[in-house]
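**Student:** Here is what each chain is made of, one letter per residue.
Protein chains: 2
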Amino acid sequence: MKDARISLVTLGVADLERSAAFYEALGWERTSAGNESVVFLQGAGLVLSLFGLADLAADAGLAPEPLPRFRGLSLAVNLGDDAAIDRLFEAAVAAGAHPVKPPQRAFWGGYSGYFADPDGHLWELAHNPFFPMDERGHLDLVSPGSTGPEAAV
Amino acid sequence: MKDARISLVTLGVADLERSAAFYEALGWERTSAGNESVVFLQGAGLVLSLFGLADLAADAGLAPEPLPRFRGLSLAVNLGDDAAIDRLFEAAVAAGAHPVKPPQRAFWGGYSGYFADPDGHLWELAHNPFFPMDERGHLDLVSPGSTGPEAAV
Chain A
1 MKDARISLVT
11 LGVADLERSA
21 AFYEALGWER
31 TSAGNESVVF
41 LQGAGLVLSL
51 FGLADLAADA
61 GLAPEPLPRF
71 RGLSLAVNLG
81 DDAAIDRLFE
91 AAVAAGAHPV
101 KPPQRAFWGG
111 YSGYFADPDG
121 HLWELAHNPF
131 FPMDERGHLD
141 LVSPGSTGPE
151 AAV
Chain B
1 MKDARISLVT
11 LGVADLERSA
21 AFYEALGWER
31 TSAGNESVVF
41 LQGAGLVLSL
51 FGLADLAADA
61 GLAPEPLPRF
71 RGLSLAVNLG
81 DDAAIDRLFE
91 AAVAAGAHPV
101 KPPQRAFWGG
111 YSGYFADPDG
121 HLWELAHNPF
131 FPMDERGHLD
141 LVSPGSTGPE
151 AAV
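Sequences listed follow chains A and B, in order. Throughout the first sequence, residue numbering follows the working numbering, covering 1 to 153 in sequence. Throughout the second sequence, residue numbering follows the working numbering, covering 1 to 153 in sequence.
Check each hint, because a few of them may be wrong.
[What the hints assert, rightly or not] Derived pair list, reagent style DSSO-like, types lysine-lysine, alpha-carbon separation capped at 30 Å:
#	chain 1	residue 1	chain 2	residue 2
1	A	K2	B	K101
2	B	K2	A	K101
3	B	K2	A	K2
[To be verified] For each label pair, taking beta carbons as the anchor points, the in silico distance ranges come out as:
#	chain 1	residue 1	chain 2	residue 2	range
4	A	P99	B	R105	35 to 45 Å
5	A	K2	B	A106	14 to 24 Å
6	A	D15	B	A25	33 to 43 Å
7	B	D55	A	E65	20 to 30 Å
8	A	S143	B	A91	20 to 30 Å
9	A	H98	B	A91	36 to 46 Å
10	B	D134	A	G80	19 to 29 Å
11	B	E65	A	D55	18 to 28 Å
Since the hints were derived computationally from the structure, they do not count as laboratory data. Quick reminder that beta carbons are idealized off the backbone N, C-alpha and C, glycines included.
Construct the entire structure; sequences and hints are all you get.
**Tutor:** The following block contains the structure:
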């Protein structure tokens, strides 16, 4: 599964500096790799790239169209307990996120909320007590060493 | 930056089995953690979750609307050379992807292409010779140990 990875997620944004400040407030580390038209923020094992919305559409050769609120996918941050979810959700809203669904008990036994970033990109924050994470915070549902209560965070 | 992570990306899909087969063809490992309404596929350090499009909208409390071709973001797989990009792009198209932009030399000095998955989710495949990856294939632009030619793949 060596190709099964997401190295980088590129978000089309209206204002690079506004978005960079938003994600820095959530703990992403701005790197020196960007320039005036792109910002790269380092997270655990992957990079968040901020790029002009029209620039991204043009790069893919697609027409920029008005975007609906629901865009068919969500990016999820899984954390180790409910309190961490509440804390990050509050930080996101304080930094300019739109609170889509406040964190609450989920039908699948965890705790989850959704926010939209300043450009409407949808994020879920979730604590799933059944999902083991490794020491780096990476979600791993298959490695034998990552399962078991001692690996859950 | 401990909260700066993407643990899981949830894609809203029309047909769970069709999408599961598509991503398995690209190397994602289907796990036993799913059920009849959700499929979890393991990648390097994160999980791809397939969920009904309407289910995902409902979970976030958003209205499902017709989705444009360009949805404001892309998920990128970075690989170590141009040939790997060509190979994965061809595998994706063979598995049912829509070829949005065939891999080609990019203005920033790398090699990049875009495809849309069977539900229109936009992926970029890129070889960026300036981006170091660690031994697990994770993109890391800040750790001192990850930079330098010996770490580039």
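**Student:** List in ascending order the numbers of the hints, as given earlier, that are violated by the structure.
**Tutor:** none
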